[in-house]
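Asks: As a plain string of letters, each chain reads:
Protein chains: 2
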Amino acid sequence: MTIAILGGTGDQGPGLALRWAMAGETVIIGSRAKEKAEKVAAELNAELGSEKIRGLDNPAAAEAADIAVLTVPYSAHLATLEAVKAQLKGKILIDVSVPLDPDNVRRMKMPAIGSATEEAQAFFGDDTKVVAAFQNVAAHHLRDATHAIDCDILICGNDPEARKIVAGLVSKMGMKPVDAGPAEAARVVESLTALLIRLNIKNKVKGAGIRLTGLPG
Amino acid sequence: MTIAILGGTGDQGPGLALRWAMAGETVIIGSRAKEKAEKVAAELNAELGSEKIRGLDNPAAAEAADIAVLTVPYSAHLATLEAVKAQLKGKILIDVSVPLDPDNVRRMKMPAIGSATEEAQAFFGDDTKVVAAFQNVAAHHLRDATHAIDCDILICGNDPEARKIVAGLVSKMGMKPVDAGPAEAARVVESLTALLIRLNIKNKVKGAGIRLTGLPG
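The listed protein sequences derive, respectively, from chains A and B. Quick note on numbering: the numbering used here labels position 98 of the first sequence as 98, and the sequence is numbered without any gaps. Quick note on numbering: the numbering used here labels position 9 of the second sequence as 9, and the sequence is numbered without any gaps.
Misleading hints may appear alongside valid ones.
Identical chains blur together in the list; that is why a pair holds if it fits in one copy or across any two.
Straight line, CA to CA, 27 Å or less: simulated BS3-like cross-link-like pairs of lysine-lysine [claimed, not checked]:
#	residue 1	residue 2
1	LYS34	LYS109
2	LYS202	LYS172
3	LYS91	LYS202
4	LYS39	LYS204
Don't read these hints as lab results, they were simulated from the structure.
Generate coordinates for the entire structure from the input sequences, incorporating the hints supplied.
Replies: Now the structure itself:
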């Protein structure tokens, strides 16, 4: 499967790219500037000792992909969706966006519809299936390929089949997916990131995460 | 220490009463109807084989307590606070309330101020220190004294000393407290309950909980 990581030069993208490439997936880093994407892809390839990851601009990356992942800061959420709308028709978009309050990243500033995930799904209508995932996992843990991730990956979105496909991609990276149901569950899943940032700042650490308990399996 | 559990005849109250009594604290069950509180206290005492727990109406329970816990359904939140306002002056109130949407308990219907905890603190002003805790732990796990709780207890409130006292009471019951800072963190802590209820319904279980990872200690 070819996975495009749109806005993949930021915090969360490179770690996801690295781990999927290590799991055997074909990965494209997308960015507004193709050169920036190529630079990050080259760094990751050097680390991997292979040429599995390439860099393209966001629309070209989305076009070439079977499935796309959005890892831009929330301020660029709608503008990036607009730039790749045609290219994502009929595909799944994994939305990692978190609408943090720019004035205080310990709290949320949610869009009126309830969450970034619901906002993205409303933007695409029936053309693209949006699935939320990876908001709660620490970027620097993802980026360190030797680090065993001690954080469950909550997954939500309105299409159960799309959630299953994303859960499979999470498992492939050695992380545990937890199906949280429809897109509106993202109101809590995205908000959890603000709590984890709060705990990171308070405890002077970078890698607070969560595990769900009491569930079957 | 004498702990009053206001609205203590509901879901969350009896388990908290049982576990604090087992840890050696003096516990009072409070209820709107004294007889109902006495009945639950008698049931718990029978289980404990002692007379450590007594029942009173909410204002009398609050009056007799060093520290109070509020475990009423959110619909009774402000009315119960009103009934015990005078009696809680100078004390700590542990607020367990969760503003679930009555039409769908998988989601929240938060008060305009942001959370039940902030609402309670605004109601009391400087007279009473409100600390949020125990929203995420499953009632039927609490109630089963033999069950080792696999759920961290997030604690938040504007007074650091009050949070410390509540953390101590959590530890006494053999659970792990996690200090999440000021009252506004309750926006996420309370919301987590809706996610856990969603996971319970989806997985046909009753005891979903959370653990925080990546924190010191």
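Asks: Against each hint, give a clear statement of whether it holds in the structure.
Replies: Verification of the supplied hints:
For the identical chains of this complex, LYS34 and LYS109 are neighbours neither inside a copy (31 Å) nor across copies (44 Å), given an alpha-carbon limit of 27 Å. Taking identical chains as interchangeable, the C-alpha atoms of LYS202 and LYS172 lie at most 27 Å apart only when they sit on different chains, with a minimum of 23 Å there against 33 Å within one chain. In this assembly of identical chains, LYS91 and LYS202 lie within 27 Å of each other by CA distance solely across copies; the values are 26 Å between and 40 Å within a copy. When the C-alpha separation of LYS39 and LYS204 is checked against a cutoff of 27 Å, the pair qualifies neither within a copy, at 31 Å, nor between copies, at 48 Å.
In summary, the structure is inconsistent with hints 1, 4 from the numbered list given earlier, while agreeing with the others.
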